[in-house]
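Using the sequences and the accompanying hints, generate a full structural model.
Position in the sequence shown counted from 1, then plus 96, gives you our numbering.
Watch out, some of these pointers could steer you wrong.
[Claimed, not checked] Using 30 Å as the maximum straight-line C-alpha spacing, the simulated DSBU-like pairs for lysine-lysine come out as follows:
id, residue 1, residue 2
1, K390, K401
2, K390, K333
3, K315, K432
4, K384, K401
5, K390, K432
6, K333, K203
7, K390, K315
Everything labelled a hint here was simulated from the structure, so no lab data went into it.
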Amino acid sequence: MIHVKDLTSITCIPRSKLQSLTLFLLIISTILTSIVFFLEPFSYGIDIFLYGFDINTCTELENSWSCEQQANSWFFHSFHSYWWYPFFLAVSLYIVSLTSPFNFRTKLRLEHNEGIIDIEDEFSSYFAVLFWFSLFFNLLASPTPSNGISDGLDVLLFVGGLVFLLGTYHAAKRQLIPIDEGLNAPDKSDISKIKNSDVFTFHQELQRVFDLPSVEGDKQQLVSVGDLLHEELAEIKDRLDTQESTLMQIVPLYPDIFEVPSHYLGTVTIRISTETLLKHRLSLILPKASKKYKSLRNYTDELRKHDDGLDSDTLGSIETIISLGNQATHGRGSSKEDYISALQKFVEVVEWHIATPVVS
97 MIHVKDLTSI TCIPRSKLQS LTLFLLIIST ILTSIVFFLE PFSYGIDIFL
147 YGFDINTCTE LENSWSCEQQ ANSWFFHSFH SYWWYPFFLA VSLYIVSLTS
197 PFNFRTKLRL EHNEGIIDIE DEFSSYFAVL FWFSLFFNLL ASPTPSNGIS
247 DGLDVLLFVG GLVFLLGTYH AAKRQLIPID EGLNAPDKSD ISKIKNSDVF
297 TFHQELQRVF DLPSVEGDKQ QLVSVGDLLH EELAEIKDRL DTQESTLMQI
347 VPLYPDIFEV PSHYLGTVTI RISTETLLKH RLSLILPKAS KKYKSLRNYT
397 DELRKHDDGL DSDTLGSIET IISLGNQATH GRGSSKEDYI SALQKFVEVV
447 EWHIATPVVS
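And the structure:
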């Protein structure tokens, strides 16, 4: 698993005009093919669709057959010999799109300390489901001499139901994924979420999370907030370093506060670190505390009841961290000022905890 602090740069390679044209033509040909496949069985009339061609009007050929009623097709009367062309066009375009000059799939490159991750879009599964469903429908529903849809209705309903269930499952599975998994956040209810619909959307969400400008094509370097704000954080970091041996035993995550590449992630990590610290303190006071206490707000409320050493200043610092952390995790972002303010309050809470022994 790659932690966000290990990422060094993000590059989104946009489509060229040729690639965009290839995608447009592929979508149009796929939709046209699906329409043709779906309408063809109906084009001879409802009676023929249901019961097939009158066998008395059909002539058996060497490997096929020909029926007089085929000429009555309202959809393919002058196009019947060419109705497979959209299919061949769609398949040809898909094969061509696999080659470099025509490959329309948006590419996202993530460089990290150990190497490179390349993420590439695939052709939309919704168009693929539409295409294959219409093809199966055509193969099952196209009338033959004395055989129409009524003879294979059970098979058609089975295939249609299976495609629908698979499509619904796939759509539900892709709806939402958590963005803060790498921070090991214990309270998933507060995790900001992103739509995982395509690489382009994912790139936009990464830009938001990492406080990057919205641009494509250029490599965007990621710099840790600790390096970016080195001078402004020097005093705060020195105060934490004096407590490092104790703090690392309780909150091993805390160095990430300085190593993550955005104010947003830094503020979220401060909130999580504070939560971990208060959870530890509560466990010393109430070793058998209910496991339902699993959020920063829960731990704060319980310490307010049971911790005689919790003063109003420390409580105010915790409340500030809760407020700024919620603002960040619920999608409203976090500025440099928010991050520094939360960090200052975290230092105060750490110093209070170490200076105020627990009385159980």
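For a C-alpha distance cap of 30 Å, please report whether K390 and K432 respect it. Since the Cα atoms of K390 and K432 sit roughly 28 Å apart, the hinted pair holds (cutoff 30 Å).
Below or equal to 30 Å on CA atoms is what counts here, so check K390 against K333. holds (28 Å)
Given the proposed pairing of K333 with K203, does the C-alpha separation stay at or below 30 Å? Between K333 and K203 the Cα gap is close to 38 Å, so the pair fails against 30 Å, i.e. violated.
Is it true that the CA of K384 sits at most 30 Å from the CA of K401? holds (15 Å)
Hint consistency between K390 and K401 [alpha-carbon to alpha-carbon, up to 30 Å]: The given pair, whose Cα atoms are some 16 Å apart, holds under the 30 Å limit.
Has the given pair, K390 with K315, been kept, meaning a C-alpha gap of at most 30 Å? Violated. K390 to K315 sits at ~39 Å, over the 30 Å cutoff.
Between K315 and K432, does the CA-CA distance stay at or below 30 Å? Holds - the C-alpha atoms of K432 and K315 are around 23 Å apart, at most 30 Å.
Taken one by one, the earlier hints fail for this structure at numbers 6, 7, listed in ascending order.
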